[in-house]
Structure formats: structure tokens, C-alpha cells
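Visitor: Go by the hints and put chains B, C and D onto chain A.
4 protein chains.
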Amino acid sequence: MRIAISTGGGDAPGLNAVIRAAVLSARSRGWDVLGSKRGFAGLLGDDEIIPLTTDSVRGIMAHGGTILRTTNRGSPFAYPVLQPDGSYKEIDRSDEIIENARNLGIDALISIGGDGSLSIAQQLVRKGMRIVGVPKTIDNDVAGTVMTFGFDTAVNTAIEAIDKLHTTAESHDRVMVLEVMGRDAGFIALYAGVAGTADVILVPEIPWSMDLVCEKIRSRDAAGRRFSIVVVAEGATLPNGEVGIIGESLPGQLRRVGGVAETIAREIQVRTGKETRSMVLGHLQRGGSPTGYDRLLSTRFGGAAVEAVEAGKWGHMVALQSPHIVTVPIDEVLREPKRVEPDHDIVRTARAVGISFGDRGV
Amino acid sequence: MRIAISTGGGDAPGLNAVIRAAVLSARSRGWDVLGSKRGFAGLLGDDEIIPLTTDSVRGIMAHGGTILRTTNRGSPFAYPVLQPDGSYKEIDRSDEIIENARNLGIDALISIGGDGSLSIAQQLVRKGMRIVGVPKTIDNDVAGTVMTFGFDTAVNTAIEAIDKLHTTAESHDRVMVLEVMGRDAGFIALYAGVAGTADVILVPEIPWSMDLVCEKIRSRDAAGRRFSIVVVAEGATLPNGEVGIIGESLPGQLRRVGGVAETIAREIQVRTGKETRSMVLGHLQRGGSPTGYDRLLSTRFGGAAVEAVEAGKWGHMVALQSPHIVTVPIDEVLREPKRVEPDHDIVRTARAVGISFGDRGV
Amino acid sequence: MRIAISTGGGDAPGLNAVIRAAVLSARSRGWDVLGSKRGFAGLLGDDEIIPLTTDSVRGIMAHGGTILRTTNRGSPFAYPVLQPDGSYKEIDRSDEIIENARNLGIDALISIGGDGSLSIAQQLVRKGMRIVGVPKTIDNDVAGTVMTFGFDTAVNTAIEAIDKLHTTAESHDRVMVLEVMGRDAGFIALYAGVAGTADVILVPEIPWSMDLVCEKIRSRDAAGRRFSIVVVAEGATLPNGEVGIIGESLPGQLRRVGGVAETIAREIQVRTGKETRSMVLGHLQRGGSPTGYDRLLSTRFGGAAVEAVEAGKWGHMVALQSPHIVTVPIDEVLREPKRVEPDHDIVRTARAVGISFGDRGV
Amino acid sequence: MRIAISTGGGDAPGLNAVIRAAVLSARSRGWDVLGSKRGFAGLLGDDEIIPLTTDSVRGIMAHGGTILRTTNRGSPFAYPVLQPDGSYKEIDRSDEIIENARNLGIDALISIGGDGSLSIAQQLVRKGMRIVGVPKTIDNDVAGTVMTFGFDTAVNTAIEAIDKLHTTAESHDRVMVLEVMGRDAGFIALYAGVAGTADVILVPEIPWSMDLVCEKIRSRDAAGRRFSIVVVAEGATLPNGEVGIIGESLPGQLRRVGGVAETIAREIQVRTGKETRSMVLGHLQRGGSPTGYDRLLSTRFGGAAVEAVEAGKWGHMVALQSPHIVTVPIDEVLREPKRVEPDHDIVRTARAVGISFGDRGV
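Chains as they are written, first to last, in my numbering: chain A, 53 to 414; chain B, 53 to 414; chain C, 53 to 414; chain D, 53 to 414.
In case anyone wonders, no lab produced these hints; they're calculated from the structure. Bear in mind the structure is a predicted one, so any value in this text is a computation, not a measurement. One thing to keep in mind: the hints can contain errors.
[Said to hold, decoys possible] Straight-line distance between alpha carbons at most 25 Å, and here's what the computed BS3-like set of lysine-lysine pairs gives: (1) Lys141(A) with Lys179(A); (2) Lys326(C) with Lys141(A); (3) Lys326(D) with Lys268(D); (4) Lys326(A) with Lys268(A); (5) Lys141(D) with Lys179(D); (6) Lys326(D) with Lys141(B); (7) Lys141(C) with Lys179(C); (8) Lys179(B) with Lys141(B); (9) Lys141(C) with Lys326(A); (10) Lys268(B) with Lys326(B); (11) Lys179(C) with Lys268(C); (12) Lys141(D) with Lys326(B).
[Claimed, not checked] With the C-beta cut set under 8 Å, the calculated list includes, among others, these residues of chain D facing chain B: (13) His115; (14) Gly117; (15) Arg391; (16) Asp395.
Heads up, the beta-carbon is just placed ideally off N, CA and C, and yes, glycines get one too.
With the rest of the complex left out, here is chain A (with noise of 0.2 Å):
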């Protein structure tokens, strides 16, 4: 038995004890290993293909990032290709996947990645390809299962950035916006917004409003907290699809600057008055040693993509359904994607403990 590990996307805490548990299970079954580098570049022949031997895994197992590196790089039945006029051309080259892979005598493929590699994966599958997938998405929000590896780590992160925050907002009677990750779903806002008791969490699900926004900081100030932390995701537009344009009295001069965060900052600033700073968290929370969660998470996930090998589970991502480790079919996982929901208990309780979201929720 020989099979080849890939990993596509942004990277994310994790990746590595994926690659390490895989590979060590692998081996003491006594199949081969090989890892495709930069996601399919790989196996498309643009990149290596190394073997993975226990040796190779040895200590990876609390360091960030992937040693089989990764890219965002489009999809391989879509490929970008500079032609001779300098623009880009979108290839078919799923075929050379296929046949790098039978030339390598490549049994089946580990892939790990988002929604991008698992759709990837799934089109291979119903090519004749054998592969099991493992999601990877910091965001969190990959349906079918209840928590992705890198995820804790990114929340933790949020956390300790808003804790930093904090005390240097308390002292300075100042307004923080911090921004972190989440194009299409608020979890790592909505998670550390309330471990890092944040007094206002703004997420794409929930729609808000600039005026509730400063509603909330302005009546904080009248009970003499003078400070307030808000934590914004990404994605967090306002409903008409513009994030902070000034109203009429002051026409044009803030529109859109920068990211949302510091978009929020001026607005905040202009309407209260109040001195306020923003942040943007970015890469960093991407980065790093995983947390005991995210470690344990990813080792599990490693082991089990091994047996849904073994088991013939083709088209089939690893998911958590605590307590145990499950199988999902990629097409079931790929038809709706996992977001907040609104009168989730975590949103009741934020509500519950004194955080806006600026909507008039209760």
C-alpha cells in the first residue's frame, strides 16, 4: 500500500500533527508515504514529491504551519497558465493528477484542506480517484463537523490580543476595534468576543447597525466605563453591503478606509468622540504552536483519515461528532456551509452577560 498526503489553503495550526499522525499510522501499518508539495503543485508535477517517514514527522508535532508547504493556487480542473500573450488561461489538468499519481503507484491520497481542496477532491473522486479528505478551515466553518483543528489556536490568539487590549484601553478611556479572521462566518469573533468579555461582537450572520454600535459604547460611558473593546470579523458589512460610510453631515470624509476595523475606529470616533484605536489581527492568528486542543484534534483527525483508508471510505472527510471521530461524505459537508446561528446558546449568553451585537436583539 503506498499514499500520498497533500495540504492546500491557508495554513493553520495543526497541519503538521495531521501530517505526523498520518504518517506514523501509515508506517505502522508498513505502507508507504509520500507528500505532495504546495497542495496538488505536487502531484501536477509543478513541485516535489518527497517520502514521509517516521523520521521525517520527529518532532513536528507542536510547530505551526506545514512541511509539505501550501498555496492558494487555483483549482487543478481550473488552472491558471500564463500563455505566450503574458495573460492567464484557466487548464483542465486534472488528467495529469491522475496519472502522476498511477505513474507513482499512489493508492489512495490524503487531502487536507477547506471547502476549495475538499471540492477539489470530491471532482478527482468521481474521476476514479481514491481519496479521504480532512477538513482544515480556521474559520470554523466547515459543516459536518463540529470543530476544525487551528480554530482553538486562532481563537486563543483573539483572546490574548484582546486581553492585551484591555488593560491599555482601560487606561487610556479609549475605544478598541479589534478585526480578526472570518470572511463568511463570526465563530473566532463570537468565540473570543466572549472569553475575552469584548462589549460588542459584530459577525456576518447578524446584521448591525453603527448607530447601536455607538448606542452601546455611549451608554457604557454614562455608567463610567469609559473604555469598550469591539470585536469585528472580516465579513462583518453592514447590511447594504458597505461597511462605514459616513452620514450626510459629514459627507465623504471618512467612506471606506482600510480594512472594516479601522473603517468602525473612525466612525466611532467621529460619532462619540471618543479617542479610538484599531487593530488588525491578520496573519497571526494563522501562526503558532497549536493549543493542547488543536494538537490532540489534528492527531486524531490524522489517525482516522488512515482508517477511513483503510475502510475504502473514498469521498469521505474525517469530521468530530464528540465524543468520536466520524466519516461525512465531501458531498453532504459541501452542500451548506456551517455558520453562526442567531439564537445559538452562545448568543444568548453573550446577550445574556451585557454584549452587544448592535442589532436590538434581546
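Guide: Structure of chains B, C and D alone, referenced to chain A:
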């Protein structure tokens, strides 16, 4: 509406976060909240009853310990009372609790505690008190809930310790034996051992032998891995109920010395000739600021406990059944404790990545 | 004896530890202690004067920020006062401070602050006030002392950030540019860059060129090190006072965009063709719990400030001249600021281990 | 030019950072570098001599331990050699080192180690070897340098432990006794105790009595502070050289049990009636990733050691005399060790903020 809150048993990171969320949730409903100091001692009249306001819980989310203090003192149904002759006699003082609660105008009690406290709560419910439980065990061995708060923090503390012992063990070619909490259940040892890449994990649920532990260490040595890390739950005694009796060749020399870690360390050193050290992690596992996971879970428990009071779920405890918080009857919970399942996927994967449980398990 | 304490300028981890040590040391001598809120605002009558007791400072050692709050508002010698016409005029309000202090029975003041606060303190000393200074600058750019508190914490925060960016940069073959504090002095960039194994460090004290920065990145690339980490102090502008003007081939395209990090990142991306990202660490560097080093140094400063008051060292500030705390005249301190010496052993060793300062230095 | 590097004695965080900086600095000069495994064992022919290249030291800055391994085995001048009759005899094997070094073409040696290693180095220098020393002691008790690497990390580890014990002690009204490293010098106990706000600090340099320790705990109790934290250096024995002999009223009951912390804890419990627990921090203090301070200091030492080799400073060690790295003759360093000065400002301030040293000191 007036409720009271108490915390009993050993402390766990997240207690203050539960109290905070419960107080804020109750206050947002316009309820009064009282705190009973040191478990039921306050309600017994042996310690203070204090008002809990929004100000009382400000800034305590990230603090370890409990602002209500706690105690391991016995059940009010069999309370150790000092007699004139200097001995202690167990007295049923439960009626005092009920009467005091009535006099204080307490409509309901949120009791945060482990098996012991939950059992007492259930007995008081049978006598007519209106109580909702919040499970607390650093060992994660309460049934009915996927997870208890404090456990994630304890696991991360243990992983940090393993990480630190790792580098020094490797530099000195040593065996290090780390004892973690878990009198009856080996969850901390299992989770921290896997995430910390221990070489041997010993838990109460899986019978093990000194011979096989030493065999593992020797086989690593033979492969050039001249150090080993053993993680042992405090309750992981040998099948015959005795830990670390040295065999006939060394009669009585080592006997039972110190805790389980020290005994195992001496055995390993004598049997393998390798320099071996032990360390008891002890109280460090209960202390410190809760992780993001524990801050969130505790907050959800606190908020859900108030919702359960509102819904009149007497004799129930709040519980995590991912992804939701639910309530479960305490009677059901107490029927059987939660233990590490020897064929759980975590154990299977641990074996697959090369960890020994000191048995002949595949 | 009655003393007052104030904290001015940007906050720094350790402020509370200084306050705590000063209060406890003064109380142990039987002195009264008052706190002036928001720097001199309390003493100006614009904010509160509060009593500081043993209880006031309980549990604050490890907390970031300052319980006395702080402000960046101007000097009392040139205080911005709102005029009827809406403009601000600078008024000398120093006599108010002196009179209020006399009315409050304050015998001496401990003024904790940076260059600005120390300079104000010295002017007040000249007018007869009895003041001892405690130097505070996150940038470590105050002369006369080997180290200022808060700096070690900021450096560790920056190192953590570099560690996190490192793994994600390496996984994606990216260049990451991290902007840290240091308007005039590059100590944070230098210390964190060396300890975090940055590839390029840019500081205000060492003139650098974009060409040489890109040369370093290209030479790493050629050697198979396809990622690079650039750490830049916010004040590390190009010699001509302008950062990141793109050369003639791309006129005006990039100009000065965002902060220094973003500008440099765009330049690198355009010039080298490598995917480049930037991050501004900003306020995170001022926040959080002080490190052990900062907790100890702050405590020593607080204790020594009270000893200096006892010894009547007016116009002096406490300072670390390892291994002792001494007092130095503020006048001397203000004569010239502390800067990174381009031939300091840290710079020499940084170059020797392969770090580029963006210059032709050996 | 060809140099060798060795690490001896107990490991300390930062060893790898010294090795890395020395290797990179030497390679940048075009020198060859060899590593002697396990202290002098490599040079004695008992262990490996390995080449150290730029690749050998990649990514090790933040790793605890030492890639060259280490040992506490005795001096090559009195090396324990197994005799045919099973006994050990001490043999002078120093000539073997000199000869092997010559045969390997080694021009100079960088010896990283504590008092023991430095003393051996100095003896070898007298026999003609060209050696530069780098001081290493987790206890910070080497003279001639303001600080040694590893100490800051150990102190932070101890502070974290104190912080964790603090919350649990307070919740349970307990006394906690924490034993930290420091056989002869109490620096870790002093620094961590002050920064961690311990109530009692016991160090070898300040004679203390059990009576006064208990008096402090009782006076706190009386003031409503019903818990206490005692930090004790492992070498802080009672003046008569015996720790924790219970007085006449309890003859023999407690004797010397376990380590110093356990003995003190039992004494406190018996004498004050307060529930008391002990904890030995042990090997945790040597492990883990070095702090920013230690990463920088180690790197400076490594770079400076290569400069010292270049300058022919045989028989000297590198040292921090803030703000510069200097070289000092090893002979001078060994003349007298560094100890906590009982009238140092840290001790004075510790007393002023209310910490007891178990004596009658003001």
C-alpha cells in the same frame, strides 16, 4: 426572584467564569443573586452569604480559583461535627440549609460542583429544594457532558510540562515520569500524553505492567532514541492494586516510595539502568487563568444554568452535548461515571503513532 | 509624611507593579499615599485624587495598564485650553498643581512617566516641588538606566508575533514585514528581531536602502530559503525622510500607503515578485501582563522611588545600573536620549549570524 | 581555522541559541566548526564529534535543551573509570582530550558550562589548550557576569507556577510551599518570589527560622488573608544544617520527609493548623523555550565567544556587564561565587512590600 450560587470541591479554572455568567445573566433578568461562601458552609450558617452584583464579578473571567471560595469538607447530610471528647461525629444538617435558604428568601440554588456536590444537590432536591447543577471536575469524569470546564486548562498545563521535560530529558538521555491528576479516570494523562508526544501513557482504565513499560523504553533506546517520557495518571495502579513493588531480586529495596510517579521512576531506573526522574504536577493543574475553551464553556454553563432555573429544571445539571448546551437529570449522570474507553479513537490513534499503554494492546 | 503618585504618557506593562511597590513601601513607613488620576490631571483639579492603600494595590502586580489611568494630554506648562471661539490656547497651569499639592498636604510626588513627564517634573522641581521620577518608556530610549520596564514584555510580545508569522511565511513562501514600536529608537526591533531570528531588521539609527533589503531577500531565495521575515521599527524611515517611494519605473503607483510596514511590503512585492504581507503590531505591545523581568524591575523602581523620597533626592529619577538601582539627576538624563549604537555587540552579532540591516555593514 | 564547541553540566534554556550564534558567527568568518557530544565525552573519544554547519543550527534558537547533549559526568582530570573488580577509580584523562583535539585539527574550543566546566577548561588552558568559556548556570550564581542565560526562563516558569498556586491556595485557604532550584544561591527564589508576590521567601543566604515563618502566616491569617505562599530555594536549610526537625513537643514525628518543601509544609501544618501543601518545581525550570531575554543573551554570548576566540582570549569567559558583553579571566570568576546580598535593593524592597525572609530583618 432571588437565587444563590455555591462552589464546592476542588477548584478548577473556569469557576469564576461560571459565577460571572450566572450573575450577569440573572441580573439582566432583574433577579437578586447571593453567594454562599465555601460550598454549603454559607447556607449552613458557618460562613458568609454575600450579595453578588455586576460589580462583584467584574474582571474575574480570566482569574483562576473562585471568589466564593470552596472546600472539600463533607456532605451536609453527614457533616463532621466536633464532639466534646475531641472526636468527630457525622450529623445530618441538611434541614439547616433548607431553613436558612427559606429565611434568606432564596428561590433557587445553582450548585457548581463535582460528583459529590451533585449528589448532595440531588438529595436536597428530593427534600424540596430547587437546585440546578453545574458539573465541575478537572478530571472530565462526569457523565452526561462531552466536557467539563477546567479540563482543557489542566491538559494544556500538563502539555507545557511535558514539552519542558522533553528537552531536558533528550539532552541528558533520561527517562522522565510525569504524574498528572486522574484518580479514577485517565483523561488528562491520555489527552496530554498524546498531544505532548509521550512515549508511554498509563491510565487507570487500561491494566499495564512494569515489564512492558520497560520493554518500550528499551526498544526506543535500541533505536537510538535514548530518552523516554512516561505520563501516568495518579490512579494508574498496577492490577494487583499495588504500584511499583520491586521483584524478588531486590526485596523491599524500593517498596512504595512517594507517589506513583516516583515509584515507577525508581523501578524503571533499577530495571533498565537508565537515569530516571519523576515529577508530580499536582496543584499546578488546578490553577491559573482558564484557556479560551474553558472561559467559553464556563460562560455557557453559567448562562445555561440561569436559563435552567428559569425553566424550573430542578434536579438537572447543564451539560455540553456538542454543539449545544442541554440539561440532563442529575440522577442519570450519577448512575455511572465517565471513563476512558480502551477502544476509543484517541487510544487507537495513540497506539498507531507508537505510544505504549504498558499493555500488549495492538 | 504624605506622598502622591501619578502615571503619564502611553501605558506600559509594569506601571501597576511600580504603583504597588511604592504604595506598600510608603505604607510600611507609615506614610499616607494619594493617587493623581490621569497624570497631572488629578493635581490640576481636572480629575480625581484618590487615596492609595494596601487594599488599593492588592492583586495588581500582574495586571497591565495603570489603576491611576494615564493620558497623552499636554504639559501643564502649556496646557491646551478650549477657548470661547472653539480654538485651543496653551496656558501655563503649573501654579495650580503646586497650589493643589500644597492644599492636599502632599510632601512629595513620585512621577512615573517618559521623557515628557520627566521634563515636566524637572520644571516643577525648579519651581520648588519635591519630585522623584520613575522612567517609563516602552521603547527603552531613556538614558541613565540600562533598562526601562515594559520593554521586556513588549519584546516578548513581538517575538511571539515573529514566531507566529514565521511558520505561516515559511508554509506559503512569503515575505512578512512586521512593524513594531520605536519612533526614534530601534531597540524593540533589534531585540525582537535577533531573538526571533528575523532576516532583516530596520531601525531608525542605521540608514538603510530598499535595494539592499530586496537583495537580501533575493539571496535567501536563491539559497532555497523562499521566505523572509522583515522587522521594522515604526520610525525606520529611509534616509531622505520618505519611506517607500517606488522608483521611476513605477511612478506614483505605490506612494506612501498605510504605515511603514505596508509601504515596505508593497515595495518588496513589486521589486522581488514575491508575495509579501505586512502587519502592524501596534497596541498589543503596550498591553498584557508584565513578564517576570518587568514585574521585578517595576517593583524595584517603586521601592527605590520611596527610598529616594526618603533621601530627598528631588529632581532625580531611579535607574537600573546593573546590578543596582541608583538615582540619577533628571537633567542629565534629558541631555541626550538613548539610541541603538550601530557598533554595539548586539548589532555586530546580528550581522554575524546573517541578519541584514538593509545597509552595506559588515 | 577550526573550532569545537561543547556543552556540559545540567541543561539550561538558551544552550542551543549559544551554539547557533557561535556556529553562524564562525561560519561567517569561514571557519570550520565541530561539536563534541556530551561535554568532553566527544573529545575523550567516548562519544561523537560532529560537524556543525549552518544547516545543523537551523530552527534551534527557540528550542530548549542542547543539540550537543550534555552530561553531569565527572572531570576529565579525575574521570570515573570502571575497574575489573566493579569499583570506580578516578583517572586523569586530560591528555587524551588534548591529543584528540590536536588530531582533529581543532585550533580552539568554546566550552559552555557552569563552575565545574569552567574550572576544567581553565586546567586545560594551563596545559596549553586554547579555550574560551561561556558561563552557564540556571541559578545565576557565576561571578563576573550580571546574568547568565536560562535564569530568566527559569524565573518566569517559577512565577507561572506561583501564579497558579496562588488562585488555588486562595480558594481553599491553604498554605502552599513551592521549592525552586538554588542549592547555594537563592536568586530564583528571590526573583520569582518578589515577582510572584510570595508571602515568604527562604534563601540559603539569609538564615531563617520556622517560628518566624509561622508567625508571618498567622499574622496574615489574623488580617483575613487566610492563605499564604512560601517560596523556598532547595538549599535554604535551617542554620543548624537540618531542615524541618519538629521541636520537642512533637518528637520525631515529622523528621526530614521528602525535600525541603515537603518538610516545611508539614511543619507549617502542624504548627499553625492550616492546611498546607508542597510542590517541587524541579526539572520544569530547566526546560522549555527560552524567553526573549534568554534568547538574546545566549545569542550575544555565542557571538562574543567567537570574537573572543578571534582575539585569542584563552582562559577568559564572556560575560554581561550591562550594557556590554565583555570577557573576564576565568580564574577571577572562580575565586568566589555570586550570592544574594542580604542588603541588596531587591531584598530591601521585598521586605518593604511585606515579604518575610523568615528572619527578624527590617
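Visitor: Please write out, lowest number first, the hints stated earlier that are contradicted by the structure.
Guide: Hints 11, 15, 16 not satisfied by this model.
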